[in-house]
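Number of protein chains: 2
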Amino acid sequence: MSLLVTGSIGIDSVKTPYGVSENCLGGSAIYFSLAASFFSPVRLIGAIGPDCPFDLAQVFAGRDVDLKGLEKRPLGKTFRWKGAYHYTMSEAMTEYVELNVLGEAPPPVPAEYRDSKYIFLANTAPALQMQLLEQMESPVFVAADTMNCWIEGRLDDLKTLLRKIHALIINEDEARMLAGEGNLITAMEKILAMGPGIIIVKKGESGSIMCCRGGEKFIMPAYPATEVKDPTGAGDTFAGALMGYLAKVGRTDFAALKTAMAYGNVAASFTISDFSVNGLTAISINDIESRLENLKRLTQF
Amino acid sequence: MSLLVTGSIGIDSVKTPYGVSENCLGGSAIYFSLAASFFSPVRLIGAIGPDCPFDLAQVFAGRDVDLKGLEKRPLGKTFRWKGAYHYTMSEAMTEYVELNVLGEAPPPVPAEYRDSKYIFLANTAPALQMQLLEQMESPVFVAADTMNCWIEGRLDDLKTLLRKIHALIINEDEARMLAGEGNLITAMEKILAMGPGIIIVKKGESGSIMCCRGGEKFIMPAYPATEVKDPTGAGDTFAGALMGYLAKVGRTDFAALKTAMAYGNVAASFTISDFSVNGLTAISINDIESRLENLKRLTQF
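Chains as they are written, first to last, in the numbering used here: chain A, 181 to 481; chain R, 181 to 481.
Hints listed in this document are in silico derivations from the structure and should not be mistaken for laboratory results.
Note that the coordinates shown come from a computational prediction; the quantities given were computed from them, not determined experimentally.
Don't be surprised by glycine CBs; every beta carbon is placed ideally from N, CA and C.
Don't take each hint at face value.
[As the list claims (entries may be wrong)] Chain A stretches covered by chain R per the calculated footprint, using a threshold of three residues with CB under 8 Å from any CB of chain R:
#1 364-374
#2 439-451
[Claimed, not checked] DEER-style ranges, computed between Cβ atoms:
#3 ALA436(A) <-> SER464(R): 43 to 53 Å
#4 PHE434(A) <-> ASP295(R): 45 to 55 Å
#5 THR406(A) <-> MET181(R): 33 to 43 Å
#6 GLU202(R) <-> ASN203(A): 54 to 64 Å
#7 ARG477(A) <-> MET181(R): 49 to 59 Å
#8 GLU396(A) <-> ASN328(R): 52 to 62 Å
#9 SER270(A) <-> LYS248(R): 42 to 52 Å
#10 ALA241(R) <-> LYS339(A): 51 to 61 Å
#11 GLU275(A) <-> ASN328(R): 25 to 35 Å
#12 GLU275(R) <-> VAL320(A): 52 to 62 Å
#13 ALA373(R) <-> SER270(A): 21 to 31 Å
#14 ARG294(A) <-> SER464(R): 50 to 60 Å
Between the sequences and the hints, there should be enough to build the whole structure, so can you do that?
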């Protein structure tokens with residue numbers, strides 16, 4: 181099934197206890213597409229400015245990632261983020277965010293993309309996520325991410341979006357904030373009542389949890405990575421492998437969703453093993469499969 | 181196999197978003213013994229003062245918990261703790277701790293207890309833990325807990341203890357502190373090099389991880405509890421059910437340890453469902469077994 185992602189393409193600067201990476205490739209659509217392309221062709225929608233130093237055709241060389249939706253805006257500037265992670269690296273400390281082209285109207289959806297069946301709306305203003313979704317003819321499975329600033333500042337838009345998507349994939353603290361509830365499982369159940377049939381909460385090094393409207397739940401610890409240099413992009417990698425696997429098998433039943441989460445989990449463990457996208461570009465699907473088998477061994481009792 | 185625990189018996193006062201419980205029964209040895217007694221007879225060593233308002237014979241009525249090691253000190257005062265949990269309830273804020281009898285020499289080990297094979301040394305000064313352990317004739321499997329104050333203030337004693345025990349069962353932050361290492365898995369591997377063949381790290385609502393010297397690892401998410409009123413005693417309940425199961429089956433191989441951790445996990449989910457020990461005293465082994473089956477369903481993929 182065709183898979184479309186819309187999200188950021190960024191110039192990141194990151195500092196962690198393991199080093200510094202200045203002006204490196206980042207952005208949700210980049211991590212998502214790299215991870216998803218292990219499983220399925222990907223259609224990417226995103227915008228950059230002339231300051232973007234990366235040759236994205238080269239970045240995705242050898243992968244089935246369609247860049248027709250990549251818009252180069254002569255008058256815009258590329259999204260930039262600078263942040264740091266300390267000690268346990270569980271949380272990014274943002275030094276600055278420059279939205280730049282991300283703050284403008286999103287790129288139009290190319291005509292060839294409008295029949296996309298699996299859609300991932302990476303974090304951005306909920307109104308823009310909806311604007312993109314409305315251009316789709318017959319989506320089968322739509323997942324979205326969001327973050328605290330939209331929960332605080334654009335809650336009405338977000339609630340409208342929640343009624344139009346199948347799955348919400350967000351962080352732990354955002355789930356609590358959105359539901360206004362400290363208990364995570366209860367918070368997830370409250371979010372299901374807002375619209376999506378599936379909520380998946382990312383808990384960083386503590387794994388992820390899925391709750392479905394039918395009552396099914398799945399809990400998965402994170403892959404026990406000892407090599408952790410830079411957590412940037414872990415969440416988008418998780419979503420990318422998850423959606424890539426679903427698009428590949430063309431199913432979104434509970435069993436498929438569980439396997440998809442497991443692929444997301446191990447794919448993210450490679451992303452965090454190096455700066456920028458280097459952990460993802462260095463591996464093959466065989467590395468992912470082998471780590472998935474290991475994850476099964478680590479969690480069975 | 182005989183199972184012995186030494187730890188605190190306390191008068192707790194706890195405040196959580198769900199209510200207040202003043203001067204209620206608490207202490208590591210209490211939670212441990214209640215949880216372990218679902219699986220195995222327990223021998224308890226602990227001390228109280230004349231101010232202790234609880235009839236412990238009544239608390240353990242109908243359970244095979246031997247109280248010969250319970251010392252009532254006419255001149256001492258019972259251990260007291262007062263604390264609060266906020267919002268996500270992931271961390272206790274201590275208002276006061278009165279060590280009282282816990283700060284004095286520990287009770288002697290009754291002659292009838294000295295042949296105990298499975299031993300749990302709940303958190304106290306490492307020198308006292310060793311003093312107790314030295315009175316044992318032929319322990320088969322010794323596990324211990326410790327906390328930040330001993331890592332900071334009694335590190336030499338603690339390192340000596342680590343060479344005498346089989347398993348260390350501690351919290352996440354303490355593992356990082358003890359190893360001087362931010363990556364949890366690497367921290368656990370460093371702790372294995374200090375002596376114990378097994379380290380189990382408790383991560384609260386994010387579950388637990390075990391690393392063994394042979395390289396085996398096991399990762400388990402916490403049972404997804406929606407009813408969480410008071411997390412006090414969850415860690416000691418975890419250790420109690422874990423050690424109780426091991427003592428029952430008389431094995432400490434990797435498979436047995438994994439199952440033991442799963443029992444610890446679900447037993448703790450009952451403890452946190454109510455204040456004090458009420459969550460544990462209200463259930464039967466059937467409730468634990470049924471939740472264990474559910475945990476398997478929740479984690480398999």
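Could you tell me which of the hints above the structure violates, numbers in ascending order?
Result: hints 3, 7 and 8 break, sorted rising.
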